[in-house]
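A.B. asks: In terms of our numbering, the sequence shown opens at residue 8 and continues consecutively.
Hints listed in this document are in silico derivations from the structure and should not be mistaken for laboratory results. Do not rely on the hints blindly, as some may be mistaken.
Unchecked claim - Pairs of lysine-lysine, DSS-like flavour, derived with a Cα cap of 27 Å:
(1) 279 to 178
(2) 291 to 178
(3) 447 to 436
(4) 436 to 448
(5) 401 to 265
(6) 436 to 291
(7) 447 to 291
(8) 257 to 401
(9) 271 to 257
(10) 279 to 257
(11) 385 to 279
(12) 301 to 436
(13) 52 to 271
(14) 325 to 401
(15) 447 to 301
(16) 291 to 279
(17) 401 to 385
(18) 257 to 472
(19) 301 to 385
(20) 279 to 448
(21) 448 to 301
(22) 271 to 436
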Amino acid sequence: MQFDWIIPAQEYIQRNEWVESWYNGAFRTYICLREDADINAMRLKVEQEVNNHTNNEANEPLYLQLFADNYLNATFENGVPIGGRIQYVNVLLAIAVFLLLIACINFMNLATARSSTRAREIGVRKVMGAHRGTLSQQFFSESFLHAFFSMAVAVLVVYLTLPYFNTLTGKSLILEFESTEVWLFIIGMTLVTGLLSGSYPALMLSSFTIIRSLKGLTKIGKGAYFRNGLVTFQFAISIFLICGTLIVSKQMDFILNKDLGLEKENVIMVRKTGELNRLNDVYKTSLAALPEIKQVTFASGNPLSYGSSTGGARWDGKNPDDVIEINVLSVDADFLQTMGMRLVEGRDFSNNVAVDSAHYIVNEVLATIMGFDSPVGKGLYVWGVDGTVIGVVKNFHMDSMYEPIAPLIIRYDPGNTSVAFIRTQGNVKTAIEEIEAVTKKLNPAFPVRYQFLDQEYSQAYQGEKTVSTLVNIFAGVSIFISCLGLLGLSSFTADQRSKEIGIRKIHGATSWRLVLLLSRHYAKLMVLAFIMATPIAYFYMQNWLSDFAFRVTPGLLLFIVAGIIAFVLGTLTVSIKSYQAAITNPINTLREE
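With the sequences and hints as input, model every part of the structure.
C.D. replies: Written out as structure tokens, the structure reads:
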């Protein structure tokens, strides 16, 4: 592991006695075990040790996890990893497999579409003594050559686009061409792709009889259901991905624009370091006097991602056996006003420490849990202090949209704050320059580090936004290559029905009527694909949305839009080849008759 700094925690522990409490769950503990150690047995021993020091009152379950697994499997339920980033990896892997299948299907359809042009070649080869096995080998060889060429192009494309991918994902991935595993993967994928894509064309084309091949009579009815199934499968995947794209985009738009219960725009956060904590009043007064600063407040943490909590809060009527985890936020008197929060009952803090040091404001969730008609004026015991609830603040989001709004206690304790929240007039550049000047003057030994509250909130969903962008790209690629496959199959059908088209045209059929005739069959396949894909997409996306405590409800219209997009693109693709066949001179197709 690489670090910029490793700082001993001993001084921090000496200044904060609560750190050594057995009830403190604010830190992670890293343990280096022997290679033959039993992780589950170790977990039970640690859990027993904690229970011995807490009289079995520890309300948080303990679990151990391999450090290497933490990045991808960070979501737990009852001590068991149930997800995390690994879910997105699995989604993208599944999409990649589906795209590969669609590409293989394309090759099959395009190969069968060329069957009429290769029929005489096959007949001549059979006359010259070629067996079906020999012809199959030839077609498989062609398939493998296409696969190797495609893989070479794919590697080149990956090499050229990798910098853009790294920019999109915030990673620093490289192609390790010196790695044996990489080359084994490339060769293996190429062989599998060649085998999958070449199997059906090899079996079909090598089955032509000599007489029918030499006459060009290569109509194959037995494979029609199989080819139709391939096209339906292609478009079902495309419709599924389009549905997923629309739902993910709708959910992300909902998350990023939802009313959080506070005003996050134009708020700059500066962590108070060094002398700033000692010069609390001076620092706040100096910031508030700046021309571009509208309001200033101090708090013990970011209200949108706060982690300090207690399980020991008490009030009249609370069951002493109930352990309720409650977030606790220490603030100064201007916090609610600066952050744009609204009181629904009671009053705000004043600037009088003597008056409000034992007063609390709770959110609506905690007010409901407490069970009073009105919690204002009721006693509340927090962190060793018996106090009184003076107000109820409207619920605001302290965590991501994955989590429900948690109960919260806001306590007046300006001396226990660590972050300055500075609301600007709107000229952010000038405001930052002013903030840096004041902060450096009062605290010259430390660099000035600032963050924007709205960007911090948006950054929390960077992974989801990246996956959303990738799914959008994959959905576009999917529909594009599906249309290529449809183009191949429509070409095959047009060749098979060329004489029928010629006869119909002689009898007065218009070109557009012939286009409708040829396209109608594929329209039915796309409708079938929509019927197949919609319930699967609904079930899967509902499962994805269920991870969010706050989510959109995808309606039927969204799925209809996805189907219309696929239907229109597919119909236009088929119409191109159908129109070409419809305007062909019937003399050219009926000459042999």
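A.B. asks: Name the hints, by number, that the structure is in violation of.
C.D. replies: 1, 2, 10, 11, 13, 19
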